[in-house]
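A.B. asks: Protein sequences appear in the order of chains W and F.
Sequential numbering of the first sequence, starting at 736, is according to the working numbering.
Sequential numbering of the second sequence, starting at 57, is according to the working numbering.
Worth flagging that the hints you see were computed from the coordinates, not collected in a lab.
Glycine included, each C-beta is placed from N, C-alpha and C at the ideal position.
Don't take each hint at face value.
[To be verified] Straight line, CA to CA, 25 Å or less: simulated DSS-like cross-link-like pairs of lysine-lysine:
{"id": "1", "chain 1": "F", "residue 1": "Lys128", "chain 2": "W", "residue 2": "Lys895"}
{"id": "2", "chain 1": "F", "residue 1": "Lys295", "chain 2": "F", "residue 2": "Lys225"}
{"id": "3", "chain 1": "W", "residue 1": "Lys977", "chain 2": "W", "residue 2": "Lys895"}
{"id": "4", "chain 1": "F", "residue 1": "Lys128", "chain 2": "W", "residue 2": "Lys893"}
{"id": "5", "chain 1": "F", "residue 1": "Lys81", "chain 2": "F", "residue 2": "Lys128"}
{"id": "6", "chain 1": "W", "residue 1": "Lys740", "chain 2": "W", "residue 2": "Lys972"}
[Unchecked claim] Away from chain W, derived, C-beta distances all over 10 Å, residues of chain F:
{"id": "7", "residue": "Tyr69"}
{"id": "8", "residue": "Asn135"}
{"id": "9", "residue": "Pro158"}
{"id": "10", "residue": "Ser272"}
[As the list claims (entries may be wrong)] Restraint ranges, calculated between C-beta atoms of paired labels, are given here:
{"id": "11", "chain 1": "F", "residue 1": "Asn85", "chain 2": "W", "residue 2": "Ala810", "range": "45 to 51 Å"}
{"id": "12", "chain 1": "W", "residue 1": "Leu971", "chain 2": "F", "residue 2": "Val262", "range": "55 to 61 Å"}
{"id": "13", "chain 1": "F", "residue 1": "Val261", "chain 2": "W", "residue 2": "Lys893", "range": "51 to 57 Å"}
{"id": "14", "chain 1": "W", "residue 1": "Pro836", "chain 2": "F", "residue 2": "Glu146", "range": "45 to 51 Å"}
{"id": "15", "chain 1": "W", "residue 1": "Lys895", "chain 2": "F", "residue 2": "His124", "range": "22 to 28 Å"}
{"id": "16", "chain 1": "F", "residue 1": "Pro172", "chain 2": "W", "residue 2": "Lys819", "range": "42 to 48 Å"}
{"id": "17", "chain 1": "W", "residue 1": "Leu971", "chain 2": "F", "residue 2": "Pro231", "range": "49 to 55 Å"}
{"id": "18", "chain 1": "F", "residue 1": "Val261", "chain 2": "W", "residue 2": "His887", "range": "42 to 48 Å"}
{"id": "19", "chain 1": "W", "residue 1": "Leu971", "chain 2": "F", "residue 2": "Ser86", "range": "50 to 56 Å"}
{"id": "20", "chain 1": "F", "residue 1": "Pro172", "chain 2": "W", "residue 2": "Glu967", "range": "34 to 40 Å"}
{"id": "21", "chain 1": "F", "residue 1": "Ser210", "chain 2": "W", "residue 2": "Val839", "range": "52 to 58 Å"}
{"id": "22", "chain 1": "W", "residue 1": "Lys895", "chain 2": "F", "residue 2": "Ser86", "range": "25 to 31 Å"}
{"id": "23", "chain 1": "W", "residue 1": "Pro836", "chain 2": "F", "residue 2": "Ser182", "range": "52 to 58 Å"}
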Amino acid sequence: MINLKSFLSTLSLLVFLAIWQGLAVYLNSNTLPTPEAIAKVFQQACISGQLPFHLGVTLLRLVVSFTIAMLLGCAIGIVLGRNKKLDAFFDNWLVIFLNVPALVTIILCYVWFGLVESAAILAVVINKLPNVIVTIREGTRTLDQDLLDMAHCYHFGKRKTLVHVIWPQLHPFVMGATRSGLALIWKIILVVELLGRSNGMGYQLHLFFQLFDVASILAYTVAFVAVIQLIELLILKPLDKKALRWRR
Amino acid sequence: MTDIQININNKTYPTATTPSIANLKLSLNSNEFTCLVGPSGCGKTTLLNIIAGLDNDYDGEILVGQQHTHPKIGYIFQNPRLLPWRTVRENIELVLDEHQPPEVIDALLEVMQLTPAQHIYPERLSLGMSRRVSIIRAFAVDPEVLLMDEPFVSLDAPTARQVRELLLKLWQQRPHTVLFVTHDLREAIALADRLIFLSASPMQVVSEIIVPIARSDRRNELAIESFRQQLLQNHPEIKQLL
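Working from the sequences, and respecting the hints, build out all of it.
C.D. replies: What follows is the structure, encoded as structure tokens:
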């Protein structure tokens, strides 16, 4: 069964590449290079160090802004989920921030704080934060009151209750926020870099766009997709497995 | 250990017009097994939650010895309320201080016949086993009062009997003050030193009866049944509560 599954997924990838190759050869245009040409560009960009450098810069921005957004979002989400009055007060703010277009936040951050690194990070965090808060708040609302009462009876205290009673119940919500967050932040970071930074994937893509260098754009995209898959495979899946080992 | 005095003048839920509990006075003697017997929905769980400090919206006082304070409690809830992401042993460890020796848990697991199951996650336990774990958890903290809220409800008769006997065995080894809530008179007679009968809302004490059956005779169902008959005959006021 597993062999059949891996065979099918390999086959589907090969079919995809074959269709691409066929189309590229048939059209014979600069705007659709063959997979082989892209592989060559990819290799050259790796050897010259351009691709690893810009990918690294973008990854660093991703890690910093993602960490800030998740930590702040979880804390605020838990507080709003547990406190009805605060939630009623801040609910409107959340709705506003959820609906401000990403581009507007980015432009405003650059206008107000200048074309600096901290403004770029802030723009990404502001875009991601409301999503995390909403997801974690919904999770906190579904916490099992029976277990919280048990923790109170046995004098767990705040720290023990948070680590051993609340956090495990929030795990699926945190993982949901993580996955959707990574996808969202990737996309926003590129725009942030395109508009106001002189390095990173977004900056490079902008450059290639001006040169009409589609092969480079696609080579960078391949690197991009590979990194996301690696994060899923090496970090998120093992985390899921560890946290859910108690399930039948 | 000190005696515990519970005086509740009034407990009314915000949405209710009449009080759930009014002028209720209970005293719990050290290491005595007390059963509260009353009809379903009369407010027994509310009373336990007040004693446990889960419900502070009432008019009254709780005295431990001479002091106004909440006693240290072990609470055995109607459903076991184990953390599903921690094994049996980890669930018990969590209520203890970190510097407690592991032998404390070993001994309790042994009495409740759960040593082989100590590294299993709660989802794989039967209901009877989960109940036994929650009994261990309550005894492990060495409480001033053990609160038990119908802990054998929805178990089949043989399992309920087994868990009951294990509970008594543990309690006789480690005497504690127990407040046990049930609506099953036979179960109450089999367990208690003293029965307290409660009326429906507002909950009040209808009568208090000492159970004179020797501990060695508590497994004898005939003795329990004949005491039950005698009780119902001599105290017609409790018939309507059952």
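A.B. asks: So, for every hint listed, does it hold in this structure?
C.D. replies: Going down the list of hints, with the structure as the test:
| no. | hint | result |
| --- | --- | --- |
| 1 | F:Lys128 / W:Lys895 | holds, 18 Å |
| 2 | F:Lys295 / F:Lys225 | violated, 30 Å |
| 3 | W:Lys977 / W:Lys895 | holds, 20 Å |
| 4 | F:Lys128 / W:Lys893 | holds, 18 Å |
| 5 | F:Lys81 / F:Lys128 | holds, 20 Å |
| 6 | W:Lys740 / W:Lys972 | holds, 18 Å |
| 7 | Tyr69 | holds, 16 Å |
| 8 | Asn135 | violated, 7 Å |
| 9 | Pro158 | holds, 18 Å |
| 10 | Ser272 | holds, 33 Å |
| 11 | F:Asn85 / W:Ala810: 45 to 51 Å | holds, 47 Å |
| 12 | W:Leu971 / F:Val262: 55 to 61 Å | holds, 60 Å |
| 13 | F:Val261 / W:Lys893: 51 to 57 Å | violated, 38 Å |
| 14 | W:Pro836 / F:Glu146: 45 to 51 Å | holds, 47 Å |
| 15 | W:Lys895 / F:His124: 22 to 28 Å | holds, 26 Å |
| 16 | F:Pro172 / W:Lys819: 42 to 48 Å | holds, 46 Å |
| 17 | W:Leu971 / F:Pro231: 49 to 55 Å | holds, 52 Å |
| 18 | F:Val261 / W:His887: 42 to 48 Å | violated, 28 Å |
| 19 | W:Leu971 / F:Ser86: 50 to 56 Å | holds, 55 Å |
| 20 | F:Pro172 / W:Glu967: 34 to 40 Å | holds, 39 Å |
| 21 | F:Ser210 / W:Val839: 52 to 58 Å | holds, 57 Å |
| 22 | W:Lys895 / F:Ser86: 25 to 31 Å | holds, 30 Å |
| 23 | W:Pro836 / F:Ser182: 52 to 58 Å | holds, 55 Å |
Comparing the model with each numbered hint stated earlier shows that hints 2, 8, 13 and 18 do not hold.
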